[in-house]
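Number of protein chains: 8
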Amino acid sequence: MNSLPPRDLGFARLDTDRLARTGDPEVVLAAHKTPEQTIASLRALAAAHPGRAVLATRCDEPTRATCRREFEAARVDDEGRTVVLGPVPVPSGTVAVVTAGTSDLPVAREAMATAEVFGTTATLIPDVGVAGLHRLLAEVDRLAAADAIVAIAGTDGALPGVLAGLVGTPVIAVPTSVGYGASLGGLAALLTMLNACAPGLTVVNIDNGFGAAVAAARIARRVGRAR
Amino acid sequence: MNSLPPRDLGFARLDTDRLARTGDPEVVLAAHKTPEQTIASLRALAAAHPGRAVLATRCDEPTRATCRREFEAARVDDEGRTVVLGPVPVPSGTVAVVTAGTSDLPVAREAMATAEVFGTTATLIPDVGVAGLHRLLAEVDRLAAADAIVAIAGTDGALPGVLAGLVGTPVIAVPTSVGYGASLGGLAALLTMLNACAPGLTVVNIDNGFGAAVAAARIARRVGRAR
Amino acid sequence: MNSLPPRDLGFARLDTDRLARTGDPEVVLAAHKTPEQTIASLRALAAAHPGRAVLATRCDEPTRATCRREFEAARVDDEGRTVVLGPVPVPSGTVAVVTAGTSDLPVAREAMATAEVFGTTATLIPDVGVAGLHRLLAEVDRLAAADAIVAIAGTDGALPGVLAGLVGTPVIAVPTSVGYGASLGGLAALLTMLNACAPGLTVVNIDNGFGAAVAAARIARRVGRAR
Amino acid sequence: MNSLPPRDLGFARLDTDRLARTGDPEVVLAAHKTPEQTIASLRALAAAHPGRAVLATRCDEPTRATCRREFEAARVDDEGRTVVLGPVPVPSGTVAVVTAGTSDLPVAREAMATAEVFGTTATLIPDVGVAGLHRLLAEVDRLAAADAIVAIAGTDGALPGVLAGLVGTPVIAVPTSVGYGASLGGLAALLTMLNACAPGLTVVNIDNGFGAAVAAARIARRVGRAR
Amino acid sequence: MNSLPPRDLGFARLDTDRLARTGDPEVVLAAHKTPEQTIASLRALAAAHPGRAVLATRCDEPTRATCRREFEAARVDDEGRTVVLGPVPVPSGTVAVVTAGTSDLPVAREAMATAEVFGTTATLIPDVGVAGLHRLLAEVDRLAAADAIVAIAGTDGALPGVLAGLVGTPVIAVPTSVGYGASLGGLAALLTMLNACAPGLTVVNIDNGFGAAVAAARIARRVGRAR
Amino acid sequence: MNSLPPRDLGFARLDTDRLARTGDPEVVLAAHKTPEQTIASLRALAAAHPGRAVLATRCDEPTRATCRREFEAARVDDEGRTVVLGPVPVPSGTVAVVTAGTSDLPVAREAMATAEVFGTTATLIPDVGVAGLHRLLAEVDRLAAADAIVAIAGTDGALPGVLAGLVGTPVIAVPTSVGYGASLGGLAALLTMLNACAPGLTVVNIDNGFGAAVAAARIARRVGRAR
Amino acid sequence: MNSLPPRDLGFARLDTDRLARTGDPEVVLAAHKTPEQTIASLRALAAAHPGRAVLATRCDEPTRATCRREFEAARVDDEGRTVVLGPVPVPSGTVAVVTAGTSDLPVAREAMATAEVFGTTATLIPDVGVAGLHRLLAEVDRLAAADAIVAIAGTDGALPGVLAGLVGTPVIAVPTSVGYGASLGGLAALLTMLNACAPGLTVVNIDNGFGAAVAAARIARRVGRAR
Amino acid sequence: MNSLPPRDLGFARLDTDRLARTGDPEVVLAAHKTPEQTIASLRALAAAHPGRAVLATRCDEPTRATCRREFEAARVDDEGRTVVLGPVPVPSGTVAVVTAGTSDLPVAREAMATAEVFGTTATLIPDVGVAGLHRLLAEVDRLAAADAIVAIAGTDGALPGVLAGLVGTPVIAVPTSVGYGASLGGLAALLTMLNACAPGLTVVNIDNGFGAAVAAARIARRVGRAR
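Residue numbers (the numbering used here), protein chains in the order written: chain Z, 1440 to 1666; chain S, 1440 to 1666; chain G, 1440 to 1666; chain H, 1440 to 1666; chain U, 1440 to 1666; chain D, 1440 to 1666; chain A, 1440 to 1666; chain V, 1440 to 1666.
In isolation and in its complexed conformation, chain Z is listed as follows (with noise of 0.2 Å):
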């Protein structure tokens, strides 16, 4: 535990010995943050890693229009909620990234940006949902070409289960909280993951599509460096 001392900001004390424990820094989860206290942390982090893209998540409309303003090479993703600043890793290895449906978008789009800062090459395969199974059929090749699979799906939540039957690469399932009723803000596909019959299969939080882009890109590109 011989770790670079956390820098203090007062109202945060950010891990930047993260980087070296881990191989990624610290990213900024902004929801329930001001956007003054977003821009403080990206800032500090960008200038702990002046080498590497730091990254923000979750961004509301006005953490984004600051962000746009204070920041003149953020990339700003409006879909995604996301913030990336600084230069991106050489990537390494693939990472597919299904939805089963248009409404999936926004976590998808989350988990690109993710995949991209965590030093991986991100596809996206929309709208491939099982009440069409010949969408999804079609993609099965692409889809075992990748070295891991993020596959994202609201309401029954049953397209990661029936992919991972299908192809033996890594699949890290998203449930999203698209749906209503008895889809219970998304724990009911959460629950579908969980208990998915294929092997291989597993799971983040509601919406984390954040979180599964890290694990695949901590598969991917440790195939891909070995490679």
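Possibly wrong hints are sitting among the right ones.
Just some of the chain V residues that point at chain A, by a computed CB distance under 7 Å [said to hold, decoys possible]:
hint, residue
1, Gly-1571
2, Arg-1574
3, Val-1617
4, Ala-1621
Some chain Z residues well away from chain G (every beta-carbon gap over 12 Å; in silico) [said to hold, decoys possible]:
hint, residue
5, Glu-1511
6, Ala-1512
7, Thr-1533
8, Gly-1663
Hints were generated in silico from the structure; no laboratory data involved.
Glycine is no exception: its CB is placed at the ideal position from the N, C-alpha and C atoms.
Since chain Z is already given, all that's left is putting chains S, G, H, U, D, A and V on it; use the hints.
Frame of chain Z, contents of chains S, G, H, U, D, A and V only:
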């Protein structure tokens, strides 16, 4: 409401008017009854409906043994836990009963016996769960040809939703309590089915092969008789 | 699986093969879509199915306004939040849509529009909840004469179970989110329906008038066509 | 609060003042007690209230056997699992105890014994569940004539709500743990009852025939005594 | 079931027979209705019951404003969200309405108005929660003197159970949605009340001051009239 | 129970005896109150306890604005939503308030103000969540030196359990509603804390910084005064 | 973190450093262990802490029998399911352990044994539940005199909240799994305690008499030692 | 989808094509099967895959005994409840299997056997739960050196989240049903893991050591083979 008075057994009032109202006699749910109560109910129902088969479901081993002793002509199914007395109707229409896995067979057996008592022909297609999709795809034509489908699945409960995207036949989904952990005794499968994206799917209680088969038989025989 | 390729809209892949597989074209669930996405999907579906009505459900006010502007011939229902484009099929068979209360009417309206688009004739029987039982008993003959029943109820969700004890017609129960406190957003009504004692009842997701009507229409038109 | 000191049994402090405060002596809930603890409590309560019956509920088989051995004059009900010692009060007012099904009888028996010990006359009307509505309608006049109604139902728990729409008598609803799957051990019936539309209905804990009967007896005897 | 035909408003069937069946006219639950629907229902009920007050509950601000405009003689309570039209019955018996805290007052106000419309006299005893027990103990005699008690509490919901141990009067407990976090919108208070150890307590839905008052009024006026 | 009579404000009965019983005056939970009710309660409490600070928690913006206007000497904390009036006690003992993240700060601020009013010295140690463990390990000595610890965490709620394994100081854990999806509004963090393996940890309601600080202050000042 | 290396038993790593970190040695939770694993762990802990008592909790009958055989000097409590080996510390401070009912005694016994091993004096005050409030009020002075209180209650869990309004002593509440139906295995009591209005109350896991006693002992002995 | 036809055993259709699709043969989940069904499935799988080990998980004692009798060469693990037949692949890559406590060992054993059958090398690091953090810190280097980590924990489930903050290795978290009360059969641990702040963590079903090991093995051997 000029209905037949119920037959009073002291502990129960048999709804002998139900045949006139709904086209089918009352059924004995043996689950919370003593063998003696089940026997007495079956005997009274058989006496009230001499020309029509009567059914008891959820018969435990002692009840099944007593039925075998008391009713020489009883058809007893140990796997499906059903007891049938009396002549079944001439069947009309067809029902396909599909299961996702081997462990769903007891529920399927209950559905098969019920379908027969409720006047339709049932065919069993077991173990076509979505983890090995080609098993299901190989049966699509047979499934599309049925007048109604009972689709039974535990764990993730994904089979009925995938199936409902492949055929236009009415699909009645039965979640089963097969699974562990986050399957929550069948609640996960139930939620999956309620949230399925493909329309035309309806759902019954967990492990309720009986109720699904009644609904399917009523659909199938209406179609069959109209043909 | 020699199916038509899906039509790719970038953000969506329309399942234009669904009509061939299931007898009905795909439907647009507008709930999580922008007005633009819904319009584009409707337009593509209408182009793919010129001889058959296409449907969008859960259209919010901006989407309905845009539809009125963009599609001169659209039939827009503000209460049921549906938009229909193109000629509906010649109806076959009949569906009765009953509600327990006045507040269940939006769900009933969604079911009515859906039944028409899916090729059957629907009749509305509102406000016959079990707190005033004679209102329901007065309608039993009309209900028994239908080929399928959609029974819609919030709060305690008791109507469909009582109804299923009165008629042999297939009953598809729709719990609604009407209620407060321990109604748990419709979960209480859903559980009541899943546990109904009278067999022949099947259930769909909370507020899913669309799904119930598709199932009912498929039953009714099969019977109607066979007649 | 100038109350009688509780009687100290070491493991328990009997609330011998309760008769003065509430009009009824304390009752022994035997469920989590050893037979010896139940016997000792009953004996001490009987000694403190020689002129008034004392009651133990939820007595398992060993406790009932011990009670039969220890108390010659005990009235033991094996179905309702109750033990009564000493003279019951002269009854006042009437309570109707109705059940939806045969399997609800143990709860009804607990309610019957309790009503008697708490000083009212109870009548049992079993197996009038809403799946065969005419059974209930045939009893409406008898039910309306009671001073209070205890309505017991498992599975969907719909009986009390339907009944409360038919009479103005206070209805106390008891959900039972009869059912399976989505009945959730009686929670589904409990929720149904809490959400009933007809007013005048109140609810007790699952399987709590005792509590319902105490409330009903207190209503009935107040009315009876006032008459 | 020789009952009056329901009055058909198109969107609603008024249960004008309810007065004959249960002794009290139907009530309008305005919660999910437009102001126009509520006005029309109130007007029809008032016309059907000219000699008896009619009630609407859960009236939001626009509905209350419309009522004030449309019905000169309406008694409108902004805190309790009730509207009353027409002469209340001569009261019979007494009901005590107690609350645990200040924040439970809206539910208490709904109960007060309901009790009056349902023909009994109600007294309010606010803010006697168990965190300051002496406040409750000081009111025990007044509470014991009532014919029925409505006990309203949010957060931990402990008041009704403590009260039921102090008096023999029937206690009807109302959980409220007052609280935060693990109060789960009133479910915690509801569970506390259902599990209270002192018998004689019955429970209604969360925030259901109306239902509790109907039950209490029916008890109180039976006792009052019998006296 | 020879206690001071409560002060009656009409809508509330102030428990002015609480100081005598428990050592601390009553506190105003402003959450479900109007600004006027909060002001009136604060004023009455301040009048009853001129020598001791009184506190209102969960004051929304209008309430805080009114307090600033009405009470010149009020100390108002916008982040912690607290208002304090009157002289705080001479502090005794020390409490450490730690948070897992920046977003837990409002709850920490509520705890800080409460600790001061309840007579102890509080120190804030923010943003030491377990994702960057060295931040916590660097503070262990400071934490071990406190008389009691309030540990605040949302999302996975892991901080208090890790901390309780590092020190023997009593730890009071506060789950927060910070998180999304399967955090279930703080229930996930609450469950984590209740299941922590290290003993010595106790838990309060979600976001209940106030309650945690009262418990911690009572421990700390007992130790401090005994020293 | 210059800590003692854990002692490796193959299946377990004893945390022999815990005494240094927290002031108390590790404890064996026997619940999921074989008798052999528990014996081996106890033996190793006793060897590592010859001057200090070691404790095993949740010992089932076979484990207790084996302990009696293997450790001549073991103090085994069959009701509390604890085993203690070695000399307990000289006690400091006092803890009152109160229960709502007789059925809560096993949890109280676990707390009593734990308090002794963790170096404080514990007094048992059983069966003072709020259904007979005077039993509790008679003990208030004894309770107020303790340095900390462990308050144990099942069913509605109301005791600790009432108690916390009567005294300023820190109260640690233990919900128990005593109850049925809507007690949900202790969850109802847990929620009641988390929502208690009187501050100063903290809560532990269901049936966790051990954890409550550790927290109480740490408070009591700090106060005791400081005195 | 030019796949091998499934092998039909009457009660099951073996998915013998799975090896071609995913790189690994089907596995028998013995949990809901009779010993005879498990034996028949294992035998058929072994015949179909003579060059590759086949696996059965969740084998109860009778099934394990039958396997030992029927298959001379079977490797049976009583703690992990696995049966392996046939030659395991030459391992590639490494997986670390860590547990929080001794009671998590059965799940770890299932993971160990699975990892071997799925072609990787697994190392066990037991009992490093966060209540004694130095046990975990001592193993960080070994953990960081693995290609993937399976982290198993019950009760609070905090271990995987702490671990994911210390290393950049992909961590697959397995909640276990070890715990009591508010652990809710493993749901508490599951929720903790889904809400972990450190990214890179993914989760499987409660007690699903098998699924976690398949995912880990697929990651590890991809990396291993690429090296």
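We went through each hint and held it up to the structure:
1. A cut of 7 Å between beta carbons decides the hint on Gly-1571 of chain V: the least distance to chain A is about 4 Å, and the hint holds.
2. With a cut of 7 Å, the hint placing Arg-1574 of chain V at the interface with chain A holds, because the nearest CB-to-CB distance is about 5 Å.
3. With 7 Å as the threshold, the beta carbon of Val-1617 of chain V comes within range of chain A, its nearest partner Cβ sitting at about 5 Å, so the hint holds.
4. At about 5 Å, the closest approach between the beta carbon of Ala-1621 of chain V and any beta carbon in chain A falls short of 7 Å, and the interface hint on this residue holds.
5. Taking the minimum C-beta to C-beta distance to chain G, about 29 Å, the non-interface status of Glu-1511 of chain Z holds against the 12 Å cut.
6. Annotated as non-interface, Ala-1512 of chain Z keeps its C-beta farther than 12 Å from every C-beta of chain G; the closest such distance is 28 Å.
7. No beta-carbon of chain G is positioned within 12 Å of the beta-carbon of Thr-1533 of chain Z; the least distance is around 21 Å.
8. Every beta carbon of chain G lies more than 12 Å from that of Gly-1663 of chain Z, the smallest distance being close to 28 Å; the non-interface claim holds.
Of the numbered hints listed earlier, not one is contradicted by the structure.
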